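J.: Under the UniProt record's numbering, the first residue of the sequence shown carries the number 1, and numbering increases by one thereafter.
Derived by calculation from the structure, the hints in this document are not laboratory data. Heads up, a few of these hints could be off.
[To be verified] Ranges between beta-carbon positions, derived for each pair:
| # | residue 1 | residue 2 | range |
| --- | --- | --- | --- |
| 1 | Leu206 | Asn152 | 30 to 40 Å |
| 2 | Pro76 | Leu135 | 15 to 25 Å |
| 3 | Val149 | Glu303 | 39 to 49 Å |
Keep in mind the model is a prediction, meaning the values are calculated, not measured. Ideal Cβ placement from N, Cα and C applies to all residues, glycine included.
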Amino acid sequence: MAPTKLTDRAEPAVVTHTHTPVRSRLPSVLRVPILVVLNLCINTALWSFVSNFLPPELGAVSKVPHEDDLVSVYSPAARLGMRILTIWMTWYFNYDFFDVSALTVLTHAPYAYLLTTYYDISTLTVAAHMNIEVLSIALPTYLLRPRSVVHNANVSLRNRFLLNSFQVQLSNSLLATGVYVVVLWAGLKTGVLNLFLVQFFDIPTLEYAHLETPVSIIGKIFTAGYAAKEFLLNPSMAAQPPSGTATPAQTFDPSTATLPQTVKQNVWNFSKRTRTLIQQTGILNAFLFVNTVQRCMALNGAEVTGAVGYASVWVVANAVIALWYGWVGDTSADYEPL
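Assemble the whole structure, with the sequences as input and the hints as a guide.
T.: Set out below in structure tokens:
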């Protein structure tokens, strides 16, 4: 039998199956205007549809702007301006449809809780309001912007295992819900909420407020707990860089440092995860405060003092949640997931 002849072969070429990302042909300058138009169209269409099945409860408790109210915070022009500003800011911050959905739920939660607990608005009407607000901004964002690295499972992150952990996600959603329940329950029992709402609002009934229990509060704000986890905790955990990849920082020398460097060293000298959490909390509380004050001022008999006080209660709750998340999301820098 003839010996086997060996033939030298060249090293095989590795052909990857990755696809070059397709760049959008839509000019960037047109994306925000298109987003605004889609938002307004979807919002109008959905309200026109559900109004055939729901009673006009919101209109019954809302102020009717007069000629001298054209520049007020609750005028149609002011509401439209706030909506456009919100859409533009969420686009500027590179939020995907998950982020804008969570932010919308959180910024409308105080108004929804006020309607169901103090204005005797049906749960169905409030649920329709919340869903329409979320869908009208989430759907256009989904069409015009890809998922962020936080919500893209194909992007490798140091804490991806925490983002994918059902136990971690559920427990932190319950933690945020618990904070909201404690703050609202304490506000009801100590009279802090009534101090702002009874004195500075034209509240039609306090029956449901007196019947409120921690369980009933959970039923009203559990979606806000999930949204708080999604908007505050997850982006901060995703921002934590892998071990050994942090950019070496220059040693701070107070004798030669400039004023901006000194301020940054003493005020903003946090990890990237903590800075992200602080930024998200600041953005959330700014949007929530302005939106809550504006919507409260659109209710009959509402005064600015009561609207500001009521919004501040929710701002405090979000700050407490952020403090908790600053602790529970602090994974060891030396730990590497399996």
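J.: Take the hints in turn and mark each one as holding or not.
T.: Here is how each hint holds up against the structure:
1. Leu206 / Asn152: 30 to 40 Å: violated (47 Å)
2. Pro76 / Leu135: 15 to 25 Å: The hint (15 to 25 Å, Cβ to Cβ) holds, given that proline 76 and leucine 135 are roughly 21 Å apart.
3. Val149 / Glu303: 39 to 49 Å: For glutamate 303 against valine 149, whose Cβ atoms are near 44 Å apart, the range 39 to 49 Å holds.
The structure fails hint 1 only (numbered hints given earlier).
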